[in-house]
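Trainee: These are the residues of each chain, in order.
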Amino acid sequence: MKSLYRIMAIVKKEIRQLRRDRLTFGMIVGLPVIQMLMFGYAINTDVRNLRTAVSDQSGTHLSQQFVAELRQTQVVDIIEFVESVDNLETLLRRGKISIGVVIPHDFDRRVSDRSRAAVQLLVDGTDPTMLGVANQLRTMPIGFDSAHSTSELSQIFEVRPFYNPERRTPVNIIPGLMGVILTMTMILFTAVAIVRERERGNLELLINTPLSSTELMVGKVIPYIVIGMLQLVLILAVGRLLFDVPVLGSIIDLFLAATTFVAANLALGLLISTAATTQFQAMQMMVFVLLPSILLSGFMFPFDGMPTFAQYIGEVLPNTHFIRLTRGIMLRDAALAELLPDLLYLIGFTLVAMFMAAMRFSKRLD
Amino acid sequence: MRSEFAIKAHGLSKQFGQLRAVSSLDLMVPRGEIYGFLGPNGSGKSTTIRMLCGLLTPTEGTATVLDTDVPGSSKELKPRIGYMTQRFSLFGDLTVFENLQFIAEIYSYPVAGRSSRIDELLERYDLAEMRKQLAGTMSGGERQRLALACAVLHHPELLLLDEPTSAVDPQSRRDFWENLFRLAGGGTTILVSTHYMDEAERCHRLAILDHGVKVADGTPQELQNRTGMHIIEVIADDPYAAQSAIHELEAVASVTQLGTRLRVLIPDSQDRPGELVESALAASNIKATTRLTTATLEDVFVAVTMQPRRSA
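Protein sequences, first through last, are from chains A and B.
According to numbering that gives the first Met the number 0, the first sequence is numbered sequentially starting from 0.
According to numbering that gives the first Met the number 0, the second sequence is numbered sequentially starting from 0.
Bear in mind the hints are in silico, worked out from the structure with no lab data behind them.
C-beta: ideal position from N, C-alpha, C; glycine also.
Treat the hints with care, since some could be wrong.
In silico lysine-lysine, DSSO-like type, Cα no more than 30 Å apart, as pairs [said to hold, decoys possible]:
{"hint": "1", "chain 1": "A", "residue 1": "1", "chain 2": "B", "residue 2": "131"}
{"hint": "2", "chain 1": "A", "residue 1": "11", "chain 2": "B", "residue 2": "131"}
{"hint": "3", "chain 1": "B", "residue 1": "7", "chain 2": "B", "residue 2": "74"}
{"hint": "4", "chain 1": "A", "residue 1": "1", "chain 2": "B", "residue 2": "286"}
{"hint": "5", "chain 1": "A", "residue 1": "11", "chain 2": "B", "residue 2": "7"}
{"hint": "6", "chain 1": "A", "residue 1": "1", "chain 2": "A", "residue 2": "11"}
Here are the simulated distance ranges between beta carbons [what the hints assert, rightly or not]:
{"hint": "7", "chain 1": "A", "residue 1": "0", "chain 2": "B", "residue 2": "177", "range": "52 to 58 Å"}
{"hint": "8", "chain 1": "A", "residue 1": "346", "chain 2": "B", "residue 2": "128", "range": "49 to 55 Å"}
{"hint": "9", "chain 1": "A", "residue 1": "225", "chain 2": "B", "residue 2": "131", "range": "36 to 42 Å"}
{"hint": "10", "chain 1": "B", "residue 1": "131", "chain 2": "A", "residue 2": "254", "range": "34 to 40 Å"}
{"hint": "11", "chain 1": "B", "residue 1": "184", "chain 2": "A", "residue 2": "0", "range": "33 to 39 Å"}
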């Protein structure tokens, strides 16, 4: 009972200090919103309006119709028509265009003949996403002139995108971004929490009181769990309003998953805090967690495509498991019960990190 | 069983790597007294206080604080002691009132009496007008009063003060000592470390520490009576020349200049110290008057922390 009161005393103190710390307070709101806007608008693998030049050597009715279809996809923005392939290559080299379209003089015959490609695409390969776009154009349904039965040709592959039919990038990005933002803010806040008190001398006072290390740790974590939840609401609201990101599954499941994730990060932050002797050191250690959380968690690159070694690192990171949970709940309408292993991992991670932090944080100075 | 001593330590030592910060310290602090630790920086004062409240584990030796073994059961001890750190350790971004409230909550001070206790402390330590001021914006003396108020809030039996007055002005120091005497009068045992002579003089009893070793202890009066030295005051027109002349004498243990006066320490074993000094001054043609005087605490400190001249 006394223990509970002491924890509440720490919670109250933390909240009071937070309220007076405008910078931190600003970060709680500012960081998620700014990151959402940055990532949401800037990271767009769904490329449109690429500068394109066309060399139509055929000049038939059919080829003109093809160019018109190409324009309609909005993937390309045809800025120039040129004579020869050489002209296209020059434009590519100079960086004037990203894609060159070559329509050969026997285009009509090639369209009806399956054995040869009808159109050649010259792609600027320095940007890997361009190659993806080229593939996208390859599957472009060419629905003109049924007499030539070209629709058959272009429908060899049919892609049915599940869960994100419009293939909008923000829909994929935001559930992952949620994890990155929470990792960043939660670890940042707690990593400096203990170190700051050590630097300011407060710790020498605290360890001379009846307060136990566990009480101190728990008391420090509770306010930030609430803050984490506020950030989550903020992210979901911005996602919904600006990027139209859906939450298909249960919102309660999502909050449960987020609570365990926030707790895992806070515990990790505390662990960092007990290992660092200055706030600057704590920051440096945080970067070691943050970078892999962005790069190896499946947020940036597909998890299955990473080398095995990187996958092992990824599996350790809470963010990897959280991204699986959020993508499942928000985009695939999965129930939390179906994603149990990831949830259990986060709970286990929290307990182990908390235990280690409390062990490391001794009430003695030597 | 309640011992008449608040602190009993025997052979207490602390080793930090190569450095022996405290060496075989024996300590007996009677209840209800103000006990001083006098010593220069690095003499082991803070280390000893930290060992006594269980913050540091002694390398050797034992200590019993308020009839409890430390560091063994320091957990039960925490609510019974108050500790004031050398550096201001309260929360600068909380107000005076909030700091006191936090301390009251941490020590589980009974809710019923809490606000009246805080009001009482605000009044007693002259903080009532600053109750809504952030602790970080207060002056050195104000911070110190707040720190003391926080340290005594839970009515500790023993108060450990680690150089509490190192950052405050003389007037604040006087007021601070008034408060300490009032607390001691109320039965609180106080252990205070300092490097100010005038503060050491105010203690009921004190120990002088030097390089981790206790070189003397007793009441200030006892210490002044048994320096083992004759103290001779010399007033000279040219104190610097006088000092050089007196330094030549083998028997002289120490010469300290205070303005135009010199304080000369000569061991007891010397029969006629006054004549010795006078003849030395006469030999160098220095006009001066000399007189035998009683030891101050400063003389005691110089006498006990002095390196033997021969080995220097």
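Trainee: For each hint, tell me whether it holds in the structure or not.
Mentor: Status of the hints after comparison with the structure:
1. For the proposed pair residue 1/A and residue 131/B, the alpha carbon gap of about 27 Å is at most 30 Å, so the pair holds.
2. For the hint linking residue 11/A to residue 131/B, the alpha-carbon distance of about 17 Å falls within 30 Å, and the restraint holds.
3. A threshold of 30 Å between alpha carbons decides the hint, and for residue 7/B with residue 74/B the separation of about 18 Å falls inside it, so the pair holds.
4. For a cut-off of 30 Å, the pair hint linking residue 1/A to residue 286/B is broken: about 74 Å separates their Cα positions.
5. Restraint check: the Cα-Cα separation between residue 11/A and residue 7/B comes to about 39 Å, which exceeds 30 Å; the hinted pair is violated.
6. As the CA atoms of residue 1/A and residue 11/A are separated by approximately 15 Å, the hinted pair is consistent with the 30 Å bound.
7. For residue 0/A and residue 177/B, the hinted distance range of 52 to 58 Å is not satisfied, since their beta carbons lie about 39 Å from each other.
8. Distance hint check: the CB atoms of residue 346/A and residue 128/B are about 50 Å apart, consistent with the given range 49 to 55 Å.
9. Roughly 26 Å separates the CB atoms of residue 225/A and residue 131/B, a value that falls outside the hinted 36 to 42 Å.
10. In this structure, residue 131/B and residue 254/A meet the distance hint of 34 to 40 Å, their C-beta atoms being roughly 38 Å apart.
11. Against the hinted window of 33 to 39 Å, the Cβ-Cβ separation of residue 184/B and residue 0/A comes to about 35 Å, which satisfies the hint.
In summary, the numbered hints that this structure violates are 4, 5, 7 and 9.
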